[in-house]
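> Chains as they are written, first to last, in this note's numbering: chain A, 1 to 479; chain B, 1 to 479.
It should be emphasised that the hints constitute simulated quantities derived from the structure, not laboratory data.
A portion of the hints provided could be inaccurate.
Any copy, or any two copies together, can satisfy a pair, since identical chains are not distinguished.
When the alpha-carbon atoms are kept at most 30 angstroms apart in a straight line, the in silico DSSO-like pairs for lysine-lysine are as follows [as the list claims (entries may be wrong)]: (1) Lys188 x Lys58; (2) Lys58 x Lys335; (3) Lys335 x Lys11; (4) Lys78 x Lys357; (5) Lys335 x Lys297.
2 protein chains.
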Amino acid sequence: MPKETITPRAKDYSQWYLDIIAQAELADYAPVRGCMVIRPTGYAIWERIQAALDQRIKATGHSNAYFPLFIPWSFLMKEADHVEGFEPEVAVVTRGGGEELAEPLVVRPTSEAIIGHSFARWIHSWRDLPLLINQWANVVRWEMRPRLFLRTTEFLWQEGHTAHATEAEAEEETLRILNEVYFDFAEKEMALPVVRGRKTENEKFAGALRTYCIEAMMQDGRALQAGTSHNLGQNFARAFDIKYQNAENVEDYVWTTSWGVSTRLIGALIMAHSDDEGLVCPPRLAPIQVVVVPIYKGDAERPRVLEAIDRIVSAWDGRFRVKIDDRDQMTPGFKFNEWESKGVPVRVEVGPRDIEKGTVALARRDVPGKEGKEFVPQEGLADRVAALLDDIQQSLYNRALQSRLERTRDVASYEELKEAIEGGWARAYWAGTSEDEDRIQQETRATIRAIPFDQPEAPGKCVLTGRETSQTVLFGRAY
Amino acid sequence: MPKETITPRAKDYSQWYLDIIAQAELADYAPVRGCMVIRPTGYAIWERIQAALDQRIKATGHSNAYFPLFIPWSFLMKEADHVEGFEPEVAVVTRGGGEELAEPLVVRPTSEAIIGHSFARWIHSWRDLPLLINQWANVVRWEMRPRLFLRTTEFLWQEGHTAHATEAEAEEETLRILNEVYFDFAEKEMALPVVRGRKTENEKFAGALRTYCIEAMMQDGRALQAGTSHNLGQNFARAFDIKYQNAENVEDYVWTTSWGVSTRLIGALIMAHSDDEGLVCPPRLAPIQVVVVPIYKGDAERPRVLEAIDRIVSAWDGRFRVKIDDRDQMTPGFKFNEWESKGVPVRVEVGPRDIEKGTVALARRDVPGKEGKEFVPQEGLADRVAALLDDIQQSLYNRALQSRLERTRDVASYEELKEAIEGGWARAYWAGTSEDEDRIQQETRATIRAIPFDQPEAPGKCVLTGRETSQTVLFGRAY
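Please construct the entire structure, taking both the sequences and the accompanying hints into account.
This is the structure:
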């Protein structure tokens, strides 16, 4: 494991990110431009993300289903804003079964259009509402500046699509997903502190009435949009003729929502927590939570040490996801480095002297080196490991939150804003127009990441126009 | 629930199949020719199939990963037999990001070509072997005669891809998957008796050395290929230059395998077990195993009955997947019909008289009507339900096996063969050529479904050529 090839964050943050992915064997670029191969370790993290989200999606009353990969070109054209947003990014199938197709098929960039068609068939009366559907799928958006996990032409995601009888119910659903599914998942499972808020008109989903988001700050101070939830109003219901009869037998269009998170969450996980030694994975999402490394010299000590490890691990009774690294060709030091670069939260070392003394060495990944390692009794080890995993999960969260708070500055002038976004986010009073927003983006490469739900009590002066306003926004450069 | 719209099997088997799917709300045809929408009930069955397979795939040492949807045209062309087999069926992306592509991209019909590229990058020495990978994904094969679940242009599947140091290890893997994963899954989870065997040269996978399969018989006597496992020899290793250095530092091509099962298993499940009342789902794969229907008249009785049901179901302590159907607008009879057509294995009815007597009515889906219904004490109900679910699972298996045995005839002449395949399978000694096989297919629409692992002790005469041979095969018409 050529560990020294991880570029330090301070030297080149972009290269550091790619080195982490390569060392931890999370993903590869594919031979198709912009596409990636998700390797077993990366995919195992995705499986845990899926399980944690799926459980929350089902607990809030949604059912999974599956809709076609291909969308007839004419369907995509039905909602004007939607097609404007996605047409430049789509991949198009023009040949199938050896023939030119009469109508080209779009490889789904998102599924509002094809799901709208089904909703129109399934929904007839108020009894059919709400209709709460989720899909796990791959989607394709042609990517000019690909970056593993963060921006890939093909990515994996879940997309929820729901229909409701009233605008209020649709709004409630949109916010429930943001709060009970995405926020809860990000903070508890990913140890990722996120800001909840609304997107501006410039940044909202193509075809939505309102878009809500969770935004996270990475270690370099840039923003990463971790999840979005859209209130689509009646826009798609009109485009796809999704009507229902209410209890008074009056026909009306339904109100729909959509919401999604994707494999870019793996990019967020990497960038939020990792260090110059490699990946740091929050315990709740780590495919391997504890690696046990035997320490021995020669064939004489080996069986005794492995036997002790077997005894110790059996006593854990499946409480943790454990890997015993009993490979005989590698040195312990080599193994330490390998599992460190792969982000395993806890390492247990057992050698002959530990056996004599009834101890083990216990090392925590989030505090590398000697500082994070202690010798502890074998007795009560399971409870100690469980507590350590919880502590690591919480520490990662605290560290990321602390960093975000330190790097978020209240700014009162455009000059201060420009300065603040060099190293983090700028919180500013804002009463500007869409054009003002565009101008700031052109001049600074920063955008309004969110209008946070948390707003100050007192009004203030817009950072650009000086107009008094009660609204603050967060500016930042985004991934 | 307009139950009477299920066409009886005896009248029109094809229409019966489609009616079952419509009534149970398993799937819809999509607006894209040959594609389907898998509705929540159908997808819930697929999730259970996935979980049961995934557990076996991981238990045999495989890791999940994910590879790109798009395959460069030139990659597909690298293995001659492979491209010949798949080229006529592929969908081709020729435009992306608003431009014509220099090289067209094939939407994966299967992933040997794109995974071969990664294997060549990942494998260097014998230490990297065996490499055992699985992928859950969607694939596309242009379908001229689509049929829900059985043949759709897009379908969901798992595809395993492995690389080994020796031919023997690749062969062992190919058979392990057939036996420990596919056969075990089909028989235990799907209650589907299957014949294990090898495919003839005519029927094997495009690019394989040997293809093994599990074949099931449907209620109309036709065969359904439920899973295949391919020993690919060094064909793909040569095409994609997948080499390794052995322990003696000599370079050689690896030996690869691939294997898959798909959403067509849902079609097999439907056709193997269902009846004229609707879907019959084996308990182990049923999304809902027990439905509880309250019986009451008016608002006075309702709360008492629902309270009793709550008490009964709480005592089950999560042992079963339960649905309490407390909808107030529908009659019990309507609910019985609905859950029957949706295939729920066990129904529990609770009314005021049951509460007085401490009983419930217990009905089993596989024996419709009064015959399958009994009144039993509430005491010990959980154990009784558990036993009933096991009994239903076993009965479905037995019934399907019995039917297959009755419908499989040993035939000694071509005339007998033609007769036998009208209602089932023909087992025949076979020493014919590929051309003979083609001729029989043209004349009878039957193919050799498998050369079963179970072979007779004594030799016999080939059903077509009269030549003596020790090999028997199974002929049948296939889905």
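> Checking lysine 335 and lysine 11: alpha-carbon separation at most 30 angstroms within a copy, between copies, both or neither?
Classified as within: same-chain Cα gap 26 angstroms, cross-chain 67 angstroms, threshold 30 angstroms.
> With identical chains treated as interchangeable, where does the CA-CA distance between lysine 78 and lysine 357 reach 30 angstroms or less: within a copy, between copies, both, or neither?
Neither: 73 angstroms inside a chain and 61 angstroms across chains, both beyond 30 angstroms.
> Checking an output row: lysine 58 and lysine 335, CA cutoff 30 angstroms. Within, between, both or neither?
The answer is between: 24 angstroms across copies meets 30 angstroms, while 39 angstroms in one copy does not.
> For lysine 188 vs lysine 58, is the C-alpha pair at or below 30 angstroms within one copy, between two copies, both, or neither?
For lysine 188 and lysine 58, the Cα distance is within 30 angstroms both inside one copy (17 angstroms) and across copies (27 angstroms).
> Up to 30 angstroms between alpha-carbons, please classify lysine 335 paired with lysine 297: within, between, both or neither.
within (15 angstroms within a copy, 70 angstroms between copies)
Against the hints set out earlier in the document, a violation occurs for number 4 only.
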